[in-house]
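Kindly generate the complete structure, drawing on both the sequences and the hints.
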Amino acid sequence: MRKLAVFLMPLLWFASDAALAQKLYRWVDREGNVHYTDTLPPEAMQSARDELNSQGMTVNRVDRALTEEERKRKAEDADRAAEAAARQAEQDKMDSVLTSSYATEGDLERAYKERFDLLDQSVEAAKVGIASQEKSLTDLLAHAARLEREGKPVPATVNDSITAARTQVAEQRAYMEMREKERTSLQNEYETVRARYRKLKGSIGADAMTD
12 MRKLAVFLMP LLWFASDAAL AQKLYRWVDR EGNVHYTDTL PPEAMQSARD
62 ELNSQGMTVN RVDRALTEEE RKRKAEDADR AAEAAARQAE QDKMDSVLTS
112 SYATEGDLER AYKERFDLLD QSVEAAKVGI ASQEKSLTDL LAHAARLERE
162 GKPVPATVND SITAARTQVA EQRAYMEMRE KERTSLQNEY ETVRARYRKL
212 KGSIGADAMT D
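Start counting the sequence shown at 12; every next residue gets the next number (our numbering).
Possibly wrong hints are sitting among the right ones.
[As the list claims (entries may be wrong)] Simulated crosslink set (DSS-like; lysine-lysine; CA at most 27 Å straight-line): (1) 124 x 210; (2) 124 x 192; (3) 146 x 163; (4) 104 x 124; (5) 192 x 146; (6) 124 x 212; (7) 138 x 192; (8) 124 x 138; (9) 104 x 34; (10) 104 x 210.
[Claimed, not checked] FRET-style restraints, in silico, Cβ to Cβ: (11) 199 x 115: 45 to 53 Å; (12) 117 x 153: 37 to 45 Å; (13) 199 x 73: 47 to 55 Å; (14) 65 x 44: 21 to 29 Å.
These aren't lab readings, by the way, just hints derived from the structure by calculation. Since the model is a prediction, treat every value here as computed from it, not as a measurement. Even glycine gets a Cβ: it sits at the ideal position worked out from N, Cα and C.
Have a look at this one:
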């Protein structure tokens, strides 16, 4: 009898462990009825369900399967979140470069002033070029008009020079307008960067005071 008891003890322990490890599923069908089963029928695979242990305690929860529209919306939300995270990471990188490159706002201002000066010089050079080309064009037109008044033919070389002068004036004007737009864009950039710099330095200063 003692040998039988010794033989049965491991079997009892095994049965006890198996009972503890057994899982139950609690799920609700389409009609709202609650079911408790030790296996999941096919119709329950799309439903939300709780996984219970042998004491009836919930150990895991599986949400219901998403519809096609819900999956699409979830994917779109994930894409937007990833894009926002990427933008924030890029902004953090730019902020770090900004604050490490310029110790003071004066340093930032001087750096931009150099860029403004280069653009201003380009605009002024273009204005001088335009004035020179316009004078040449005026002289050529006057010369051609005088020849016509005298009843003389205007040489092809004069007409070619007039065409070239007009082209150069147009090109110089386009170049000057481009540089002026660049300066306006640079001004807007500077104001944006300066505002960001002030905000970052203010935050850094506030953090330093609270440390």
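Results of checking the hints against the structure:
| no. | hint | result |
| --- | --- | --- |
| 1 | 124 x 210 | 21 Å, holds |
| 2 | 124 x 192 | 16 Å, holds |
| 3 | 146 x 163 | 23 Å, holds |
| 4 | 104 x 124 | 24 Å, holds |
| 5 | 192 x 146 | 26 Å, holds |
| 6 | 124 x 212 | 21 Å, holds |
| 7 | 138 x 192 | 15 Å, holds |
| 8 | 124 x 138 | 21 Å, holds |
| 9 | 104 x 34 | 50 Å, violated |
| 10 | 104 x 210 | 15 Å, holds |
| 11 | 199 x 115: 45 to 53 Å | 22 Å, violated |
| 12 | 117 x 153: 37 to 45 Å | 53 Å, violated |
| 13 | 199 x 73: 47 to 55 Å | 53 Å, holds |
| 14 | 65 x 44: 21 to 29 Å | 23 Å, holds |
Checked against the numbered hints above, the structure violates hints 9, 11, 12; every other hint is satisfied.
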